Amino acid sequence: MKMTKTLLASAVIAASFTAMQVHAADVPAGVKLADKQELVKGGEGEPATLDPQKIQGTPGSLRAKDLFEGLYSEGEGGKLVPGVATGYTVNDDNTVYTFNLRHDAKWSDGTPVTANDFVYGFQRLVDPKTASVYSWYAALAGIINAQNIIDGKAKPADMGVKALDKYTFQVTLDHPVPYFVKMTVNSAMYPAPKKAIEKFGDNWTKPGNLVSNGAYKLDTWIVNEKMVFVRNHDYWNDKKTIINKVTVLPIKDSTVEFSRYQAGDLDVTSFSGIPTNRYKELLKTTPDEVKVTPQLAAYYYDFNNQKPPFDDVRVRKALSYAIDRTIITKYVTGVGEIPAYTFTPPSVDGFKAKQPEYAKWTQAERNAKAKELLKEAGYDKNNPLDFTLLYNTNDGHKKIAIAVASMWKKTLGVNATLENQEWKTFIDTRNLGNFGVARDGWVGDYNEASTFLDLFKSTNTSNNAHYNNPEYDGYMAQAAKAKDPAPFYQKAEDLVIDKDMAVAPIYQYSIKRLVKTYVGGYQPNLEDNIYTRDMYIIAH
Amino acid sequence: MLRFIIKRLLEAIPTLLALVTLSFFLMHFAPGSPFTSERGVPPAVLANLQAKYHMNESLMSQYFHYLWDLLHGNLGYSFRFTDFTINQLVAQSFPVSAEIGFWSFVVAVSIGVLCGVFAALRQNSLLDYGVMAFANIGMVLPNFVIAPLCILFFSIHYHWLPAGGWNGGAWPYLIMPVIAMSTSYIAQIARITRGSMIETMHSNFIRTARAKGLPKSHIIIRHALRPAMLPVVSYLGPAFVGIITGSVVVDQFFGTGGIGQHFVNGAINRDYSMVMGITILIGTLTILFNAIVDIVYVFIDPKIRY
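Heads up: the protein sequence lines correspond to chains A and B, in order.
The working numbering numbers the first residue of the first sequence as 1 and each following residue consecutively.
The working numbering numbers the first residue of the second sequence as 1001 and each following residue consecutively.
Extracted from the complex, chain B is given alone in its bound form:
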């Protein structure tokens, strides 16, 4: 197991390096620069700005400069928020997204799995159709529709919840972002769980268990649930990263100050260091969660050994 973990960590290095290199050059090929501004910047000022960010050097030299800083854990100065370093901005916004992401994940997994299992056990019943109809609606309703609907209902109409803000993650500020964030994931998880559960319930070992006369609840919990979770778990790794970093719509509608907004605005503003910083963060998280998923496999699938 330890060997497996070390191997995965070592594999991550070239993957991340490739990611950094590719994003670095692709981004510099985009038209415009961080200093492109409506009020043309005078050449002397532009030269000073470029010097500050090493942009007066060749692209290769900038690249190695970036790698060197990166090795020291320094993600550089933001081009857009000139008073902040990327490290400061990430430190401010990542915990927000992580908290929204964590609760959305908990909600999505618990409700999603529950719905999926019940739908599978009552296949083709009214319950099944109801759950699946909800799942389909949840999937086609994007969060930029759910978010304003939530605000309209909970904040403007009933004044139950604040329409936005974060306030250090106080729970009234957390509810609507979590609803907006988790709905589509609940739907996805319910669908995957249902499919996989139906398949498992038709397999030979479940039939054997039934033949042995085990009680139904025992069969479901002890025997069916674990193998049925396999496809769900493999979906959850990348989904978790998506939930944490893909909060751009939630950030924009609820003004939470999460990291998703930085990513999109970074690209629009050509904030090179911001885009790089968040790309690296997402890359690292993706690798990390995929590795966690692989480890979790060992516990739920007896066929897997590392």
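Only chain A is shown next, with the shape it has when bound in the complex:
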């Protein structure tokens, strides 16, 4: 109930203070701007696509944020900021959302952005013809018939989206989703330019063909070298945008990115732009450039809940308790990561998971309990537990695996053999359940607890721990229908971690970025939703 009120209130506020709250570069008085307003930023790897409905992963979405604009965006501290929508209303049971769109929003070809462009974009996301790997996102949001269309049992036209008029867009859900508006921040729910897509087919995302509605339009795309965006003067808030040209460099390796940042090729790095071994030195030499903030993402180890001996909760708890998370985050990763004892990061909006009992113990107490549990489960020095710890080939994961395995060995006498596999083989092995303990990580899709807790539903395709508990599924089903889902999330969290320890949470990731001091307007938030239109270059 509280949640609904908050949302309704925020809708009203959003509608009434639109002019003040939109994304735009706010230059403080007295700051002198540089003559050349050009920004070069790190773009992680090369994205698979620029098609908003097909984007999967951060390289694509960070570029799409500059090119396109959805109903809402995310601002500093994760608060919702109106995008193409100026406000919305929602019915009493959180199933019908009606968005009012601004009348001055335009595509880069000068045509207006209308409710029909959203209808087309949403339908396109689930249309089997699009074959989008992100179509599940619409089904997750509970939009009527989304799943049926994906499965080929209904037509895209049957989707619960419609244009009430040119500037009113309505979405109908099959169950209450109080956080639906937050989900619209994701690129999957951006509008789509029907004319360009139908004209150019698969080539519509190429420079010259791509029509976008964001602050920038695509100028150049050279795979593995760079992507260049220039100002979209048709953007409704163009007069408040300052940076004229954005160059995004696809550099995956943080060491390479760091050397190019040092050489002055880059003004802003990607979110993993600080090499662990340089962090302390950077804090001393250029502390003003170091921006480390929490990320909505969890690093954890999967126990294979279906396979002995990990089907025994005592074994899972013993192994989880024996991990000293403080040592891992302080000495192994060491760039602002936060030790995790719950699965849902406490910084997620709307639900602050209660810290379980074992989080309050000292590590010595945890170790003592771990020994006791493992002994109860039948393992000791004479009959030690032997298993393989699987991780994907990566130096960072290797360091953590070595640290954890040695903690297990020292505290419990457990022999964990380290095995690394290259990415696709690793994913395959993990999906098939051919492991005992495996490394895992999850980045939230939207700023709400269900993006994490949904993972452990027995039907979830990313439930790598193969956790299967009808009681848990029940709590999540109730949470989905509840106006205030927080109490059910708490029950689910207590069950999956405190009681069952289906996985061992290790830490919450951090966003570690280097930003030159002459770049203004950087607004970090949990989901790393960063928009160049907020930024500006200070004279230097």
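If you're looking for bench data, these hints aren't it; they were derived computationally from the structure.
Computed from a prediction, not measured in an experiment: that's the story for all the values here.
It is possible that part of the hints are untrue.
Below, simulated EDC-like cross-link-like pairs (lysine to aspartate or glutamate); rule was C-alpha separation at most 16 Å, straight line [said to hold, decoys possible]:
no., chain 1, residue 1, chain 2, residue 2
1, A, LYS155, A, ASP127
2, A, LYS291, A, GLU76
3, A, LYS409, A, GLU372
4, B, LYS1052, A, ASP202
5, A, LYS106, A, ASP312
6, B, LYS1052, A, ASP127
Following the hints, position chain B against chain A.
Structure of chain B alone, referenced to chain A:
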């Protein structure tokens, strides 16, 4: 000569076919698929994706499909860069690698041959030891060490050159990739040239030339250099292909957008069409350059006739 060229071209067809077949099946036997993703793809979506790439058909049918497309010069859609076809990606990245490769080749051959010849003529002198020490260091220093050293020195310390990028091949962007790419080849070529030159200088026809009282420069340039180049030329054919396509480290460090990175990432991402496309490209180039080497032989070795 023409008959020889036609024969070589005809021989290339079964070789390439064998290469295509072997790579096609080997690649499909690797665990995982292009659609394996951390966020399990729902079955209905997976089915749609597989249909798009003919992956819902049997492996044999996919193979013949691939061959058919290949005959039409179509290398297929990339599984990784879904907005691009392999033809588009190759057209974008190959000229970059070819340019870096060409200049690296020119630098490697000119410096390598020069060093080799001087070292051979001053055998066991300080010059010889110096050149050979450089050659040995060049061979053991991999380009993933040279590349970051170059960046550290030229870009971060002195700000002389940009640390990466390509910008259509403007020369400041070309220098460091060429250094990183050519160093080990300079070393190899210098070693081969030296060995072969020493051997040639001890042969009977050089002794005869000396006995005739010809000037030393004349003996070296007119008589010794040509036969001494034979082993170098046979090394250069495959080396040239290696220089052009083996630029993965250079691509990664300098962000040039060359083709080498596509090859390695293609394998990691199970981008079947990418791996196939580049394998075919490398295969074709290897056959082509070996044939060129054979033709060049005719001009430098009078004993060879086709």
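Open item on the list: Which constraints among the numbered hints does this structure fail? Numbers only, ascending.
Closed with: Of the numbered hints, just 5 does not hold.
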